[in-house]
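Novice: Residue strings, one per chain:
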Amino acid sequence: MTAGPGHFALLSSLVFGLGLFGVLTRRDAAGLLMSMLVLFTAPVIALVGFAHEGGGSAVPPTGDALAVFAVVAAATEAVAGIALLLLLWRRIGSGDASEFDDIAAPSDAEA
Amino acid sequence: MNAILFDVLAALVVAAAAGTVVQPRLRRAALALAGLALAVTVLFLSAGAYAVGIVEAVVALLTGAIAWGLLVRGRVYRGVLEVPPAAPRTRWVGGAVAGLLTLLLLVVFALSATDWHSGGAGAALVTVLHYRAVYALLLAIALVAVGAGVALLVGRTSDDEREADRAYESRLRREERERRRREDREAARRARGRREGQEA
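Going line by line, the protein sequences match chains H and D.
In the numbering used here, each residue's number is its place in the first sequence (first place is 1) plus 4.
In the numbering used here, each residue's number is its place in the second sequence (first place is 1) plus 11.
Hint data in this document are derived by calculation from the structure and do not stem from the laboratory.
Be a bit skeptical, because a hint or two may be false.
Said to hold, decoys possible - Facing chain H, a subset of chain D residues (Cβ under 8 Å, in silico):
| id | residue |
| --- | --- |
| 1 | Val32 |
| 2 | Leu37 |
| 3 | Leu47 |
| 4 | Val51 |
| 5 | Ala60 |
| 6 | Ile77 |
| 7 | Thr101 |
| 8 | Gly110 |
| 9 | Leu112 |
| 10 | Leu116 |
Stated by the list, open to error - Per label pair, the in silico range of CB-to-CB distance:
| id | chain 1 | residue 1 | chain 2 | residue 2 | range |
| --- | --- | --- | --- | --- | --- |
| 11 | D | Leu114 | H | Gly97 | 38 to 44 Å |
| 12 | D | Asp176 | H | Gly10 | 47 to 53 Å |
| 13 | D | Pro35 | H | Gly10 | 22 to 28 Å |
| 14 | H | Gly97 | D | Leu72 | 28 to 34 Å |
| 15 | D | Val157 | H | Gly97 | 41 to 47 Å |
| 16 | H | Gly97 | D | Arg188 | 21 to 27 Å |
| 17 | D | Ala76 | H | Gly10 | 32 to 38 Å |
| 18 | H | Gly97 | D | Arg203 | 40 to 46 Å |
| 19 | H | Gly97 | D | Arg200 | 35 to 41 Å |
C-beta atoms are modelled at their ideal positions from N, C-alpha and C, and glycine is treated no differently.
Given only the sequences and the hints, what does the whole structure look like? Please build it.
Specialist: Right, dumping it as structure tokens:
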């Protein structure tokens, strides 16, 4: 018995759901960033599954290229996210995402 | 790919993803995320996607090294990891929304089962870039360059900030030295007390 694209689709959906749950419920910025990385793993799993276990005339390098692109996009998001996290830590001295709302307060008051 | 091997790896992937998302302590969540990257890499290699597996491993290592170097080694930002876990107020709402969207995704996957690969009746997912894999790779390289540029731009520090960081770092070092000295003195006092008690 072999694992087909349906197995990869199911796994991708589960990982997507878990990542989304983390993004919606976590309030610590670093945890939020890690949940987003989990979320970004889901499409990569689906792409690899469809390209390699698809059973059609798919050309694996094309699917792989898309998967590599998704991996790189996730890593770029992570690095930019870390930079943003450090900037916010430097500005407000907190890693609690709910406190980031206060950053907009002065400009609102000015308006 | 062997179904049993897939099931084992899928269980590991789901467990690591759940650990990353649910674990309140950031250090443990980061360990779970590293486990997820490892499990996904093994899954890709087992599926025959060697290039993706290697890229996944290299990217995870590099990103992990950057995060470790900045957040763990750099004393200035260590506090980011020591934020006490906040109690999520809307866990059930998040769970319901995530569950619904996951269900929607599963329905979409089920309805488009014939379009997962080229050779199906409709538009194939892997033909998004019109079989021009090289475009995707070039775009990925451009994305890395832009991402690194944005990260450097966002994370840049002025001379004043660097000076403040150095002062903060030396203060942390001084406080740590003082704490150690205090602990040593305390331990010596306790040892002396015990010795005097035995002699008496």
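Novice: Looking back at the hints listed earlier, which ones does the structure fail to meet?
Specialist: 13 and 15
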